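Visitor: Sequence:
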Amino acid sequence: MSEEELAKEDSRRKRRKRSKGSQTSEENESAACSCHDCASMAHSIASMEKKLDKALRCIQEIESLKQKQSDPEIKNKELEQSLDFANSKIATLEKKVADQDKAIGELKGGVKALTKQAEEEKRRVIKLESHIRRNNLNFFNIPEQEDETATKSESILCNFMEVRLKLNKEDANNISFERVHRVGKPNASEDKPRPLIAKFTFHRDKEFVLSKAKNLRGTDFAIARDFQFLRRLLTKEGVLFHF
Numbered sequence: 001m002s003e004e005e006l007a008k009e010d011s012r013r014k015r016r017k018r019s020k021g022s023q024t025s026e027e028n029e030s031a032a033c034s035c036h037d038c039a040s041m042a043h044s045i046a047s048m049e050k051k052l053d054k055a056l057r058c059i060q061e062i063e064s065l066k067q068k069q070s071d072p073e074i075k076n077k078e079l080e081q082s083l084d085f086a087n088s089k090i091a092t093l094e095k096k097v098a099d100q101d102k103a104i105g106e107l108k109g110g111v112k113a114l115t116k117q118a119e120e121e122k123r124r125v126i127k128l129e130s131h132i133r134r135n136n137l138n139f140f141n142i143p144e145q146e147d148e149t150a151t152k153s154e155s156i157l158c159n160f161m162e163v164r165l166k167l168n169k170e171d172a173n174n175i176s177f178e179r180v181h182r183v184g185k186p187n188a189s190e191d192k193p194r195p196l197i198a199k200f201t202f203h204r205d206k207e208f209v210l211s212k213a214k215n216l217r218g219t220d221f222a223i224a225r226d227f228q229f230l231r232r233l234l235t236k237e238g239v240l241f242h243f
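The C-terminal position of the sequence shown is numbered 243 in the numbering used here, with every residue numbered one higher than the one before it.
Misleading hints may appear alongside valid ones.
Below are the SDA-like pairs computed for lysine to any residue, each with C-alpha atoms no more than 25 angstroms apart in a straight line [stated by the list, open to error]:
1. K169 / G218
2. K214 / N187
3. K152 / F221
4. K102 / Q117
5. K166 / D220
6. K116 / N135
7. K212 / E144
Pairwise CB distance ranges, derived in the manner of DEER restraints [unchecked claim]:
8. K212 / K127: 25 to 31 angstroms
9. H203 / E106: 44 to 50 angstroms
10. R134 / E94: 55 to 61 angstroms
11. G105 / S82: 33 to 39 angstroms
12. P193 / R134: 46 to 52 angstroms
13. V125 / A224: 16 to 22 angstroms
14. T115 / S82: 17 to 23 angstroms
15. E106 / N76: 18 to 24 angstroms
16. D147 / E120: 28 to 34 angstroms
17. A224 / E170: 52 to 58 angstroms
If you are wondering where the hints come from, they were derived from the structure by calculation, not from laboratory data.
Keep in mind the model is a prediction, meaning the values are calculated, not measured.
We put the CB at the ideal spot given by N, CA and C, even for glycine.
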């Protein structure tokens, strides 16, 4: 091979080496660029993840605020429902109270009417009893005989009027009685005689005998109108009444 050919061959080899070196450098530069892009992308992804995390936290906080806001609203609604229920109950109770007040008023009116009627009946009974007993006289401390009968009681009373009331025998005999008897059950353990009650046929005879009661002053004997029924009636009702 001539020197000229050798020179050309050597020149071609050098060119191939330079071309191969240039290609390797470009590849290295390309690889370096690729690594730099990957790192930048990773950094961008990390930044985006941070932003996403921050956004998620913000969303969670917003949801929490919404929940906190909705809780009072729910409680207010429940409170309103409770108030409505309470108002309904109060209205029902007020109606019941009004009905009871009305019933009590009607009962009071009925009691008042019955009380008035009872008072009228009592006055009627007293008037009737007073009329029935207007001819009665009670005699006290007149000696009592054993097994005394009504006939014997009348005889004892006639003798008492002659002796103690100082009526003449004719006046005493002319006085007519419907009945004469002792008051109460006999009691052998008591020395005091039972009162004697006499119902006169005529009112004038009763008044005549009563007018002679002044002759009993200074003695243990006594005469009184027949008011015992009134005393018993008024004492039973808790009324203190003196005759």
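Visitor: All hints are to be evaluated individually against the structure, with a verdict given for each.
Guide: For each hint, the structure was consulted:
1. K169 / G218: holds, 23 angstroms
2. K214 / N187: Distance of about 30 angstroms is beyond 25 angstroms: violated.
3. K152 / F221: This hinted pair holds, its Cα atoms lying about 19 angstroms apart.
4. K102 / Q117: holds, 23 angstroms
5. K166 / D220: holds, 16 angstroms
6. K116 / N135: violated, 30 angstroms
7. K212 / E144: holds, 22 angstroms
8. K212 / K127: 25 to 31 angstroms: holds, 28 angstroms
9. H203 / E106: 44 to 50 angstroms: holds, 48 angstroms
10. R134 / E94: 55 to 61 angstroms: For E94 against R134, whose Cβ atoms are near 59 angstroms apart, the range 55 to 61 angstroms holds.
11. G105 / S82: 33 to 39 angstroms: 34 angstroms Cβ-Cβ, so the 33 to 39 angstroms window holds.
12. P193 / R134: 46 to 52 angstroms: For R134 against P193, whose Cβ atoms are near 25 angstroms apart, the range 46 to 52 angstroms is violated.
13. V125 / A224: 16 to 22 angstroms: holds, 21 angstroms
14. T115 / S82: 17 to 23 angstroms: This hint is violated: roughly 48 angstroms between Cβ atoms.
15. E106 / N76: 18 to 24 angstroms: With Cβ atoms ~45 angstroms apart, the hint is violated.
16. D147 / E120: 28 to 34 angstroms: With Cβ atoms ~45 angstroms apart, the hint is violated.
17. A224 / E170: 52 to 58 angstroms: violated, 26 angstroms
Checked against the numbered hints above, the structure violates hints 2, 6, 12, 14, 15, 16 and 17; every other hint is satisfied.
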